[in-house]
Amino acid sequence: MSEKVKILLADDDPDFIEINKTILETKGYEVDEAYTSSEALNKIRATRYDLLILDLMMEEKDAGFTVAYAVREDENLKDLPILMLTSAQEKTGFTFKFSKDKEWMKVDDFAAKPLKPAELVERVEKLLK
Amino acid sequence: MQEQEVKILIVDDDEISRVGCERILEMSDYHVDLAENGVEGLEKIKSEGYDLVVTDLMMPKMGGMEFLQEIRKIDEKIIPIVITGYATIENAVDAVKMGAYDYLAKPFTPDEFRAKIERALEKRLLLLETEKLREERDKNILEHSIEKTRTFTIINCMSEGVIATNKSGHILLINPAAVKMFRIKHVNVIGKKVTGLTSNPDLENKISDALTRVTSKEVLERFEMTTPEGRVLQSNITPVINEKKECIGTVAVLIDITEDKKIEKVKTDFLNLVSHELKAPLGAIEGYLNLILDGITADQPEKEKNYIQKSKDRAHELLELVNDLLDLTRAEKKISSKLISPVDLSGVIKETFDFYKNEAKAKSIQFNIECPEKLPMIRGNAEELSRLFANLVSNAIKYTPEKGQVSLKAEKNNNQVYVYVKDTGIGMSREDAAKVFDEFYRAKNAVSQKISGTGLGLAIAKKIAEEHNGYIELESEPDKGSVFTVVLPVVDKSPAENNELLKRGIDGHKTNI
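Chains as they are written, first to last, in my numbering: chain H, 1 to 129; chain F, 1 to 513.
Hints in this document: simulated from the structure, not taken from any laboratory.
Hints are supplied without guarantee of correctness; some may be wrong.
What the hints assert, rightly or not - When the alpha-carbon atoms are kept at most 30 Å apart in a straight line, the in silico BS3-like pairs for lysine-lysine are as follows:
no.: 1; chain 1: H; residue 1: K116; chain 2: F; residue 2: K305
no.: 2; chain 1: F; residue 1: K261; chain 2: H; residue 2: K61
no.: 3; chain 1: H; residue 1: K21; chain 2: F; residue 2: K303
no.: 4; chain 1: F; residue 1: K262; chain 2: H; residue 2: K61
no.: 5; chain 1: F; residue 1: K422; chain 2: H; residue 2: K27
no.: 6; chain 1: H; residue 1: K21; chain 2: F; residue 2: K398
no.: 7; chain 1: F; residue 1: K398; chain 2: H; residue 2: K61
no.: 8; chain 1: F; residue 1: K357; chain 2: F; residue 2: K422
no.: 9; chain 1: H; residue 1: K61; chain 2: F; residue 2: K265
no.: 10; chain 1: F; residue 1: K7; chain 2: F; residue 2: K116
no.: 11; chain 1: F; residue 1: K305; chain 2: H; residue 2: K6
no.: 12; chain 1: F; residue 1: K305; chain 2: H; residue 2: K4
no.: 13; chain 1: F; residue 1: K303; chain 2: H; residue 2: K43
no.: 14; chain 1: F; residue 1: K305; chain 2: H; residue 2: K27
no.: 15; chain 1: H; residue 1: K116; chain 2: F; residue 2: K310
no.: 16; chain 1: H; residue 1: K43; chain 2: F; residue 2: K310
no.: 17; chain 1: F; residue 1: K132; chain 2: F; residue 2: K97
no.: 18; chain 1: F; residue 1: K132; chain 2: H; residue 2: K27
no.: 19; chain 1: H; residue 1: K61; chain 2: F; residue 2: K435
no.: 20; chain 1: F; residue 1: K412; chain 2: F; residue 2: K480
no.: 21; chain 1: H; residue 1: K21; chain 2: F; residue 2: K435
no.: 22; chain 1: H; residue 1: K21; chain 2: F; residue 2: K132
no.: 23; chain 1: H; residue 1: K61; chain 2: F; residue 2: K480
no.: 24; chain 1: F; residue 1: K310; chain 2: H; residue 2: K6
no.: 25; chain 1: F; residue 1: K403; chain 2: F; residue 2: K480
no.: 26; chain 1: F; residue 1: K261; chain 2: H; residue 2: K116
no.: 27; chain 1: F; residue 1: K261; chain 2: H; residue 2: K6
no.: 28; chain 1: F; residue 1: K97; chain 2: F; residue 2: K44
Just chain F, same shape as in the assembly:
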């Protein structure tokens, strides 16, 4: 109102009275329009819009009372002031009944007139303010409801389960993730206690705790619970505090950590196994050193030398074990994070053969190779593939008695390369064959007992084959021998496509080739 010009319409059939009013108001910087009668007045109101209308009651064409009624139909917020020559209470009361805000009896002084106008304008201002506030409130309500929908959408899309309760522990909200975690029907649980969700009483108890022991807004309770279906849920329960520092409810966020728990268990088991495997050679070394240091074998220098040799062997075994553990860790890394290039398999296989030739000869083992000059390229890591075949060949030589046979053969068949490592060694039972790729599994029998090994070689080989999208097959018969078959997919693409594949591989996408 302050910035905007105040617009006032004066409706009076008496020109002197009309112009008189105009003069008074123009001195106060109001914008004033004039109309001779009600019909003209209504037209102006419709086209211009006014804050105030000052009108005579006794006019031709349209009476003052009718005029007042019509104004209200156009705009309820226009403030009408009635001027009447017949200063009777009846007229004034009637006018106010018809919606006039105030009335003024003729004759009046300019000051009286201005005072009435100013008071009416205050009323007008108040009406406009109220209107503005109401509009704002309506707008807020709309925004609030949009915000509410958005929040619900977010909560419903979360992979974490969310359960909100009121202060008596009844469920107000439960999102689909939580519904899924407890395998329940959504509609049945709203307004009920959380005991309806699961037979595990922990959730209910912790929510009660959170409601009663409120001290801060911090996450009060973090605990793990197991559902009757065996899922492990990590649950964080936060009390909801209002501005009066009262607890008005709780929000529980649930994360399904079943898979993480499984991985954790595998890791712990493996670590326990590793610790035990590391302790055995260390214990033996310490035992021999104790003998020597305590002088128990002091009078037997030959025996003592033997013990030193044995300690050295066990130390070497320990070193091999640590190396194998490092290789295993390396093989477990995703192939995408390693140096990948097209590998010439026939080269790798021939190198493996050359490397183990002498070892076989020393045991009088007949060692053969049968490998095409050119094998198709394999996408992968050359060092690891070399390690794969080395592990298989060294095992074959190790478990084959003197004068036995070991052969290394490679061929291509249907977009796959087959590499066979065959021996005439001690072989193994079906039970042993099923476990022989497990970490630290070593077939126990009279012969294998005397052969040293870390128990990781085949586990590493299997991991390497799998990381190259391949696999290892085993056929074995006790006392007859074993055949390990490595099957690897071929890169059957042009060099340019290969490069593209490699790039994608490095970017972290495993491609089926």
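So here's chain H without its partners, still in its complex pose:
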């Protein structure tokens, strides 16, 4: 591998970016940050990434879905793996489940925040294969 694997972290909470960045950098990945969905889309279109780690609730409740749909509809980007991380869950009134709603969620994996470091790395490695 001549070039480092590049991952984009999109989250409106700087602490979650900091936490996940630290974990991924320790594993040797190159990590970029985006704090809004538009920032994320601009970066994806400008730079080639190997993985997008995407928060659901940013400036809008469903901002993450907007980004995911834009990625899938873009010929050049549609194969970009997406891991969606969110604290929105069934318990807090969001009734979707990844197992059921994978088709329309347009993401490759879905997990509740915060992920333990080992689990984050495991999920990332699986998506990069």
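Starting from the structure of chain H, add chain F where the hints point.
Just chain F now, with coordinates in the frame of chain H:
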């Protein structure tokens, strides 16, 4: 009859016969009166009233037959017994035709006479009993009809809808509340199926269920249904069971819970939002602790210390959020249930200024106050009013860059006090300004992103102002700054009247002042 003395009238023109009869009857403890002829007899009947009349048929002045007819006109229940010297069947039959109950032929023995009298008295007793029963029945019918009217009035006044059906599910009764709930014309639905009331088939189905699956008198079905107009009705359907344990119909009671449902939805939405807001800082804290515990930053003590500091900040944020939530709940309580007193606003405003002086200075913000020595009294809760201004001033300082300006100004105008909190901060767009008083709404832009806050401060301020019969106005321009204006009504009354107002306030009446 047992308690009351039996009264018998003997009418006979023959004195010996008259007195003879009297003697026989007096031995049996009857009260006996005598009359010589029919005319005298009728007068006595009219004035005294008798159970029995014993009369001769052949009398002067008025014949026995005519006498019998006249008795019936006076009182149909008097039992006449005819005594006749000419024991012919014709006479007896004629007498009975004229209304005599029995007849006795002369000569007769005292025992025969007493036996006839006793039998006649039994008849009399029976007639009186029947009369009494009929009177009672008539009285019951009257009471029953009054009771029925009363029940109808109650049902018609109920705010709950009531629909009664027979066992085939046809409507027997529908009260005005139910008519209103389904927006129908009363006259059209009586005797029809409930399907005529609403296009929602639930009501019909549940009534059919209640009619067929009857096991007890308990409320069988409780369900919620939505009318085509979007009203939510909670419906309880009870089968009506007769003494043979058969279902003879149903009674449906409908309660309009549309408003309750709306409140429930707002509460659920808010709770979901709160849960999410609570989870974010907790998640961040857990994430940092995971890093430290897993030793990922073990070789970078500076970074690790930074993470501990950040965790502490988020924990503090969580604490503030919980405090704000408690304040919001408190502000939502009706003012009548709080400690109310005339509040010296200028004091509260000056205290707020003193409290935030240093914070402003630390950011090199020029912080000014312009407040009259004495402002009119405000009826309210001092602690809450203090919280209101504190929220506005702390926001102003928070969203104003270094070397900016924040000012706090108060004035009285037309029975109202105006308090302006003005800043030269980042301001906000019209869209943000429209939502900024909503719970957890925070304007999102590059600058505000880095400023921490619970998103509840302005929601609390707005609630407090409203609970004091006031309101908050906002003027804002992006990059120029914002002016928040709090408008509160003044208590323009003498101290005695104030006390009266306060008392009424505490009693739960909101007064316009």
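Taking the hints in turn, this is what the structure says about them:
Between the alpha carbons of K116 (chain H) and K305 (chain F) the distance comes to roughly 20 Å, so the proposed pair stays at or under 30 Å and holds. For a cut-off of 30 Å, the pair hint linking K261 (chain F) to K61 (chain H) stands: about 24 Å separates their Cα positions. Taken as a hint, the K21 (chain H) and K303 (chain F) pair is honoured in the structure, with Cα atoms around 13 Å apart against an allowance of 30 Å. Between K262 (chain F) and K61 (chain H) the alpha-carbon distance is near 22 Å, which keeps this suggested pair within the 30 Å criterion.
Note on K422 (chain F) and K27 (chain H): the hinted pairing is violated, with a Cα-Cα distance of about 50 Å set against a maximum of 30 Å. Restraint check for K21 (chain H) and K398 (chain F): satisfied, since their Cα atoms lie roughly 29 Å apart, inside the 30 Å limit. With a CA separation close to 25 Å, the supplied pair K398 (chain F) and K61 (chain H) stays within the 30 Å bound. For a cut-off of 30 Å, the pair hint linking K357 (chain F) to K422 (chain F) stands: about 15 Å separates their Cα positions.
As the CA atoms of K61 (chain H) and K265 (chain F) are separated by approximately 18 Å, the hinted pair is consistent with the 30 Å bound. At roughly 15 Å between alpha-carbon atoms, K7 (chain F) and K116 (chain F) fall within 30 Å of each other, so this suggested pair holds. Distance check on the hinted pair: K305 (chain F) and K6 (chain H) sit about 28 Å apart at the alpha-carbon level, within 30 Å; holds. The suggested pairing of K305 (chain F) with K4 (chain H) holds, with an alpha-carbon distance near 29 Å, which does not exceed 30 Å.
With a C-alpha separation of about 27 Å, the suggested pairing of K303 (chain F) with K43 (chain H) holds against the 30 Å cut-off. Between K305 (chain F) and K27 (chain H) the CA atoms are separated by roughly 21 Å; this keeps the pair inside 30 Å, and the hint holds. Under the criterion of a C-alpha separation no larger than 30 Å, the hint pairing K116 (chain H) with K310 (chain F) is consistent with the structure, at around 18 Å. With a CA separation close to 27 Å, the supplied pair K43 (chain H) and K310 (chain F) stays within the 30 Å bound.
For the hint pairing K132 (chain F) with K97 (chain F), the CA-to-CA distance comes to about 26 Å; that is within 30 Å, so the pair holds. With a C-alpha separation of about 106 Å, the suggested pair K132 (chain F) and K27 (chain H) falls outside the 30 Å cut-off, and the hint is violated. Pair hint K61 (chain H) plus K435 (chain F) holds up; C-alpha atoms about 15 Å apart against a cutoff of 30 Å. Only pairs whose Cα atoms come within 30 Å are accepted, and K412 (chain F) paired with K480 (chain F) is accepted, the gap being roughly 27 Å.
For the given pair, K21 (chain H) sits about 33 Å from K435 (chain F) by alpha-carbon distance, which is inconsistent with the 30 Å threshold. A distance of roughly 101 Å separates the Cα atoms of K21 (chain H) and K132 (chain F); the hinted pair therefore is violated under the 30 Å criterion. With a C-alpha separation of about 29 Å, the suggested pair K61 (chain H) and K480 (chain F) falls inside the 30 Å cut-off, and the hint holds. Taking the CA atoms of K310 (chain F) and K6 (chain H), the gap is near 26 Å; set against the 30 Å cutoff, the hint holds.
Between the alpha carbons of K403 (chain F) and K480 (chain F) the distance comes to roughly 14 Å, so the proposed pair stays at or under 30 Å and holds. At most 30 Å may separate the alpha-carbon atoms for a hinted pair to count; K261 (chain F) and K116 (chain H) exceed this at roughly 40 Å. Restraint check for K261 (chain F) and K6 (chain H): the C-alpha separation of about 49 Å exceeds 30 Å, so the hint is violated. A C-alpha spacing of about 24 Å is found between K97 (chain F) and K44 (chain F), which places the hinted pair at or below 30 Å, so the restraint holds.
When held up to the earlier numbered hints, the structure conflicts with 5, 18, 21, 22, 26, 27 and fits the remainder.
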